[in-house]
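Residue-level listing of the chains:
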Amino acid sequence: MNTPSIPEKVVAAATARGYWKSVFFRLMRDKVTVVCLLVLLAVVFMAIFAPLIAPYDPFKGSILKRLLPFGSEGFPLGTDELGRDMITRLIYGGRLSLVMGITPVIAALVIGAFLGIIAGFMGGHTNTAIMRTIDVFYAFPSVLLAVAISGALGAGIFNAMVALTVVFIPPIARVSESVTTQVRSLDFVEAARASGASSLTIIRVHILGNVLGPVFIYSTSLISVSMILASGLSFLGLGTKPPEAEWGLMLNTLRTAIYLNPWVAALPGTMIFIVSICFNMLADGLRSAMDVTQ
Amino acid sequence: MTGSAQGDKAPPYPPGARPILEVRELRKHFPLKTGMFGQGAGTVHAVDDISFSVMTGETLGIVGESGCGKSTTARLLMRLIDPDAGRVLLDGKGIAEPAPTGLEVRDARRQMQMVFQDSFASLNPRLTIEDSIAFGPIVHGLPTKQAKARARELLNKVGLAPERFAARYPHELSGGQRQRINIARALALEPRIVILDEAVSALDKSVEAQVLNLLLDLKKEFGLTYLFISHDLNVVRYMSDRVMVMYLGKVAEIGPVESIYGRTAHPYTTALLSAMPSMDPGKRTEAPPLVGDPPSPIDPPPGCRFRTRCPHAEEICGAGDPVLALAGEAHHVACLMMKAGSGHSKAPAA
Chain A
0 MNTPSIPEKV
10 VAAATARGYW
20 KSVFFRLMRD
30 KVTVVCLLVL
40 LAVVFMAIFA
50 PLIAPYDPFK
60 GSILKRLLPF
70 GSEGFPLGTD
80 ELGRDMITRL
90 IYGGRLSLVM
100 GITPVIAALV
110 IGAFLGIIAG
120 FMGGHTNTAI
130 MRTIDVFYAF
140 PSVLLAVAIS
150 GALGAGIFNA
160 MVALTVVFIP
170 PIARVSESVT
180 TQVRSLDFVE
190 AARASGASSL
200 TIIRVHILGN
210 VLGPVFIYST
220 SLISVSMILA
230 SGLSFLGLGT
240 KPPEAEWGLM
250 LNTLRTAIYL
260 NPWVAALPGT
270 MIFIVSICFN
280 MLADGLRSAM
290 DVTQ
Chain B
0 MTGSAQGDKA
10 PPYPPGARPI
20 LEVRELRKHF
30 PLKTGMFGQG
40 AGTVHAVDDI
50 SFSVMTGETL
60 GIVGESGCGK
70 STTARLLMRL
80 IDPDAGRVLL
90 DGKGIAEPAP
100 TGLEVRDARR
110 QMQMVFQDSF
120 ASLNPRLTIE
130 DSIAFGPIVH
140 GLPTKQAKAR
150 ARELLNKVGL
160 APERFAARYP
170 HELSGGQRQR
180 INIARALALE
190 PRIVILDEAV
200 SALDKSVEAQ
210 VLNLLLDLKK
220 EFGLTYLFIS
230 HDLNVVRYMS
240 DRVMVMYLGK
250 VAEIGPVESI
260 YGRTAHPYTT
270 ALLSAMPSMD
280 PGKRTEAPPL
290 VGDPPSPIDP
300 PPGCRFRTRC
310 PHAEEICGAG
320 DPVLALAGEA
330 HHVACLMMKA
340 GSGHSKAPAA
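Heads up: the protein sequence lines correspond to chains A and B, in order.
Each step along the first sequence adds one to the number in numbering that gives the first Met the number 0, with nothing skipped, and position 98 is 97.
Each step along the second sequence adds one to the number in numbering that gives the first Met the number 0, with nothing skipped, and position 169 is 168.
What the hints contain is simulated information worked out from the structure, not anything from laboratory work.
What you are looking at is a predicted structure, and each value in this text was computed from that prediction instead of being measured.
For glycine and all other residues, C-beta sits at the position ideal for the given N, C-alpha and C.
Accuracy of the hints is not assured; some may be wrong.
Label pairs and their computed distance ranges (CB to CB) [said to hold, decoys possible]:
#1 A:Leu-143 - B:Thr-143: 32 to 42 Å
#2 A:Thr-125 - B:Ala-95: 19 to 29 Å
#3 A:Val-98 - B:Lys-32: 25 to 35 Å
#4 A:Val-98 - B:Glu-152: 47 to 57 Å
Using the sequences plus the hints, can you model the full thing?
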């Protein structure tokens with residue numbers, strides 16, 4: 000208990016740091032996560048300021064300049080099948096791809112975590128009712144489910160996002176439920192009940208803080224899945240429509256040029272790959288940074 | 000071991016003392032669910048019609064093997080689980096019964112707090128020490144600033160410097176420090192009764208001694224009443240004024256600590272005490288300790304529950320539950336051998 004060798008000020012400085020500050024501190028020491036974070040920030044930055052950064056108009060093509068290879072004059076990454084600059088298209092494509100990757104996950108996080116925490120905290124019949132209903136969605140493979148819902152609702156960005164949200168609610172709810180069930184059985188929740196707190200207060204103060212961390216990290220890893228699924232829907236013609244720039248859709252339209260100009264055709268796929276892997280690594284980094292017991 | 004005339008020591012509480020807590024025929028059975036539709040597979044008789052009372056200002060020790068219902072009793076008293084039958088009276092008012100003779104659970108919890116065994120699991124890892132202690136008072140309407148001031152004051156009382164510990168998180172502390180925090184948290188609501196459920200069992204011996212002495216100091220300072228649950232007979236003897244021995248959900252023996260340890264009446268208590276390690280080599284027991292495990296608490300057979308392991312068991316022991324009989328001053332025991340005219344060959348004549 001006594002630490003006479005360490006001056007009081009040092010101890011105070013080491014412990015006065017708040018929780019989120021210490022998470023940030025640990026995150027910054029993790030090189031891989033920092034690189035991934037920087038890549039993602041760069042992509043987001045470019046997507047937001049696309050009109051200022053992109054060298055050309057993303058919709059204006061040229062018959063003469065179709066499918067130029069890498070390193071062509073004025074077009075370092077070549078052009079697509081309609082003669083549009085690939086750099087411009089990739090920068091603009093990030094806008095829709097990121098929105099379609101992140102929005103469904105946020106919506107599913109709100110709904111899924113709510114359902115999962117209620118199910119986990121209440122237990123008994125409430126749990127059975129919620130979780131068995133959610134299990135029904137597990138009967139379908141996620142891609143098939145997204146395609147089916149999206150197909151039923153009709154093509155379009157909004158409908159594709161609704162479909163993706165429905166796909167992501169079950170896994171998020173399931174993770175929230177299992178974490179909540181674990182936390183609920185711990186003695187500090189019993190102690191909180193013993194102090195006379197209402198269920199709502201216990202959920203707010205003791206459950207949320209311990210459940211949202213793991214659920215948030217899990218959801219971050221779903222962003223990459225969401226982007227790939229969204230690309231898949233666009234590829235099938237269920238998400239965005241031409242001439243809109245979206246990585247999945249670009250992959251689809253450039254597919255015909257794969258023998259002619261494989262490197263350019265692979266570019267949208269590469270972007271999807273880079274961004275998803277960055278989200279996954281970021282999720283991993285967050286997981287270890289947010290673990291207070293280390 | 001014969002009669003009530005042997006009371007050479009006054010009861011540990013003054014003659015006029017009133018019970019602060021009375022437990023009457025408290026019962027909790029857990030149904031076992033197996034099979035797809037949870038069809039009955041018996042019930043665990045965790046706590047079976049136990050009655051006892053706790054006097055104001057005393058420490059009642061509760062001992063027994065694992066699974067004898069000690070912790071279930073504590074949770075029933077706190078209403079963390081609902082009893083199947085029976086009443087708990089606080090100051091003569093039934094908890095969770097309608098006013099005016101009853102008391103709301105929330106009000107009862109204010110006067111009764113609990114310290115848990117697992118010092119790590121009983122603190123929220125995401126809250127600072129200060130926030131954990133201040134949580135209860137805030138719930139009961141104390142402004143945050145005052146609640147935090149009280150938390151710091153209590154940290155001082157349990158021997159942790161607030162300026163060093165208030166802003167820390169549980170994982171930064173040792174087991175003994177965390178248990179001090181748990182004690183401070185229990186005291187934050189200014190309760191009159193504190194239930195200590197194996198509160199020192201997980202600590203190593205030197206820290207355990209410090210925490211026990213802290214508990215004794217706090218008891219004196221705040222005028223507390225303790226329910227001290229433990230499986231460690233030495234610790235219970237050191238802490239308690241009276242001791243209750245439990246076996247398979249029943250009270251085996253209850254009485255003043257000197258009487259329980261000095262004039263043991265129940266064969267189970269005798270066996271427990273003989274298994275207790277002694278510091279004195281000359282006092283080592285030669286008699287064989289208790290053999291076998293306690294029988295399953297699932298649908299126990301009628302009669303005395305100890306008879307399957309009791310060296311004095313006779314046929315009469317299976318006839319019915321032995322009721323508590325007087326075995327000394329304020330010393331009751333649930334054994335037919337102590338009950339005059341019970342039919343047991345070793346019972347005193349009627």
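These are the hints, each one checked on the structure:
1. Roughly 51 Å separates the CB atoms of Leu-143 of chain A and Thr-143 of chain B, a value that falls outside the hinted 32 to 42 Å.
2. Judged by the Cβ atoms, the range 19 to 29 Å given for Thr-125 of chain A and Ala-95 of chain B holds: they are separated by roughly 23 Å.
3. At about 48 Å, the CB distance of Val-98 of chain A to Lys-32 of chain B disagrees with the hint of 25 to 35 Å.
4. At roughly 52 Å, the beta-carbon separation of Val-98 of chain A and Glu-152 of chain B lies within the given 47 to 57 Å, and the hint holds.
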